[in-house]
Amino acid sequence: MTAHLDPSTAEPRPNGGPGTLVYAKGLVKRFGEFVAVDSIDFEIGRGESFGFLGPNGAGKTSTMRMISCMSPVSGGTLRVLGMDPATDGPVIRARIGLVPQEDSLDLELTVLDNLMVYGRYFDLPRKVIRERAMRLLDFAQLTERAHDKVEPLSGGMKRRLTIARSLVSEPDLLILDEPTTGLDPQARHLLWDRLYRLKQEGVTLVITTHYMDEAEQLCDRLAVMDRGRFAAEGTPRQLIERYSTKEVVELRFRSGEHDAVAARVSGLADRAEVLPDRLLLYTADGDGTLARVHAMGLTPESALVRRSTLEDVFLRLTGRTLVD
Amino acid sequence: MTAVDGSGGPAGPGAARRLWPWPTPLWLRGLGYFAYQYKRTWRSSITTSFLYPVLYLAAMGVGLGSLVDKHTHHVSGVPYLDFVAPGLLAATAMQIGANEAMYPVMAAIKWIRTYFAMLATPLRVVDVLRGHLGWIGVRLVTVSTIYLAVVAAFGVVRSPLAVLALPAAVATGLAFAAPIAAFAATQEQDVAFTTIYRLGLIPLFLFSGTFFPVTQLPGWLRPVAYATPLYHGVSLCRDLVLGTASLWPSLGDAAYLVALAGAGYWVARRTFRRRLVV
Numbered sequence: 000m001t002a003h004l005d006p007s008t009a010e011p012r013p014n015g016g017p018g019t020l021v022y023a024k025g026l027v028k029r030f031g032e033f034v035a036v037d038s039i040d041f042e043i044g045r046g047e048s049f050g051f052l053g054p055n056g057a058g059k060t061s062t063m064r065m066i067s068c069m070s071p072v073s074g075g076t077l078r079v080l081g082m083d084p085a086t087d088g089p090v091i092r093a094r095i096g097l098v099p100q101e102d103s104l105d106l107e108l109t110v111l112d113n114l115m116v117y118g119r120y121f122d123l124p125r126k127v128i129r130e131r132a133m134r135l136l137d138f139a140q141l142t143e144r145a146h147d148k149v150e151p152l153s154g155g156m157k158r159r160l161t162i163a164r165s166l167v168s169e170p171d172l173l174i175l176d177e178p179t180t181g182l183d184p185q186a187r188h189l190l191w192d193r194l195y196r197l198k199q200e201g202v203t204l205v206i207t208t209h210y211m212d213e214a215e216q217l218c219d220r221l222a223v224m225d226r227g228r229f230a231a232e233g234t235p236r237q238l239i240e241r242y243s244t245k246e247v248v249e250l251r252f253r254s255g256e257h258d259a260v261a262a263r264v265s266g267l268a269d270r271a272e273v274l275p276d277r278l279l280l281y282t283a284d285g286d287g288t289l290a291r292v293h294a295m296g297l298t299p300e301s302a303l304v305r306r307s308t309l310e311d312v313f314l315r316l317t318g319r320t321l322v323d
Numbered sequence: 122m123t124a125v126d127g128s129g130g131p132a133g134p135g136a137a138r139r140l141w142p143w144p145t146p147l148w149l150r151g152l153g154y155f156a157y158q159y160k161r162t163w164r165s166s167i168t169t170s171f172l173y174p175v176l177y178l179a180a181m182g183v184g185l186g187s188l189v190d191k192h193t194h195h196v197s198g199v200p201y202l203d204f205v206a207p208g209l210l211a212a213t214a215m216q217i218g219a220n221e222a223m224y225p226v227m228a229a230i231k232w233i234r235t236y237f238a239m240l241a242t243p244l245r246v247v248d249v250l251r252g253h254l255g256w257i258g259v260r261l262v263t264v265s266t267i268y269l270a271v272v273a274a275f276g277v278v279r280s281p282l283a284v285l286a287l288p289a290a291v292a293t294g295l296a297f298a299a300p301i302a303a304f305a306a307t308q309e310q311d312v313a314f315t316t317i318y319r320l321g322l323i324p325l326f327l328f329s330g331t332f333f334p335v336t337q338l339p340g341w342l343r344p345v346a347y348a349t350p351l352y353h354g355v356s357l358c359r360d361l362v363l364g365t366a367s368l369w370p371s372l373g374d375a376a377y378l379v380a381l382a383g384a385g386y387w388v389a390r391r392t393f394r395r396r397l398v399v
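These protein sequences, in sequence, are chains D and R. So for the first sequence, my numbering puts the first residue at 0; every next one is plus one. So for the second sequence, my numbering puts the first residue at 122; every next one is plus one.
I should point out that these hints are in silico values taken from the structure, not numbers from a laboratory.
Some chain R residues judged to face chain D by a derived CB distance under 10 Å, without partners named:
1. Arg234
2. Leu244
3. Val398
Derived coverage of chain D by chain R (criterion: at least 3 residues anywhere in the stretch with Cβ under 8 Å from a Cβ of chain R; other residues may be distant):
4. 63 to 70
5. 99 to 108
6. 120 to 129
A virtual CB, placed ideally from N, CA and C, is assigned to each residue, including glycine.
Could you put the whole structure together from the sequences, leaning on the hints where they help?
Below, the structure is given as structure tokens:
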């Protein structure tokens, strides 16, 4: 398992090491003139949970679609399960599960029939699909809905069914493109729990998200993506240590005052960041910094000391927030 | 989770346990979806694809036919029922082929996104296309077989060559299905389908020799009728059922239909790829 991609060691083995499920070198995706993915390098190892974190339009979905062999590569090298998607697409897809951003369930069919139909694409015997379907519906907490049509199910249920469907073929690699976008908090937490169980069972996960809490919960390793490129790569902890401070003080003043205040207090912290609605001070000791702010006679309308998150990393790397 | 019982891929041990030891062709797996879906729509489809033509047969062939026969004493040398029955076979095949290639193709791309679900599995674009056209073929075979049996019961069949009217009807259907599927894959909305019906299928249905010989048309319009695929489907089916087939004209009709279906398939491969692979 390669924790970091070292180009010097990656070069001589173009398929990646024996434990490498996905290997990309200089990977590019172009749509006409527009470059959606601009030469990225990464390796994903067996049993790993790898995340692509970035705002909408960063190139995450294009990358996912190339890994899942649904979208041809425009440039560079891509190997999935040691094979070339350009020539071995069907063989690779037989061994990966895809949870697309947009659901493609058949709303008129029942929950169970959706799994049956999908299993047949993999040429699994009906009996095998049925056995697995029962187990997967239990896992997705949909057993009671097995014989109901999909149409009236909630968004969270449909997502769980899509995940169950992607597991029917018992894939070596599970690809999830924004699995919880558009779900309410409860549905998201249930989904995270299910994905976490898969991770515990050793399923290799590749996830895209623009939610940093999702990335922190689920990913062993992350690539922060922005405008088609990797801004940084590492474990969530490494990224925070490398690109942010231990703590953050969030100060809220009356609107319009933030720039002026920032100029006065920036000396108190390693770094200050002005957002439209608040001022962020990056520091090792949040309480100490806040005390010094108060000692200067400043009275923010609200003040909060918190730990650094991936959001801060992203802000530092790109100067923008993840979700507008 | 991975390979719990060791039957992972399409050629895994799970596949070997079956009676049929070879992997199912990819396109046939795609076809399987439409068969599954048909389980819930077959009732309504029986009305449109089987009951309607039989009602037409009764109304036109028997009802109108008795009047026609009384006045003109046979059309093209046969009772009107015998004339119109094989024509309706071809017209029904056209309707099924066209229908199944319009809204269902659009649904599989835009509304249900079935094609995209398939493409995340071992199936390729070409398998998706073949699977769908293959399913339309299955529909054409079943409807035409039942229809031919009914026609035989009416005593219309005059030649053993009538069995060849089955592949002729399937070819007629696919000559419409393949090009229309190719077109449907380029559409963002379903508005054009109504135009195809109004300006294409309904005029063809009425003026391609199904209900009266094309020779009854004004002279300048006849070449137009001869150029349409339904005219050739109708002639071929009629000649085979009534035993009036002669080798070269019938081969010409068949070649026209097969060529149109083939050209449609060729274009559809491209429009499907352009639409489904981004």
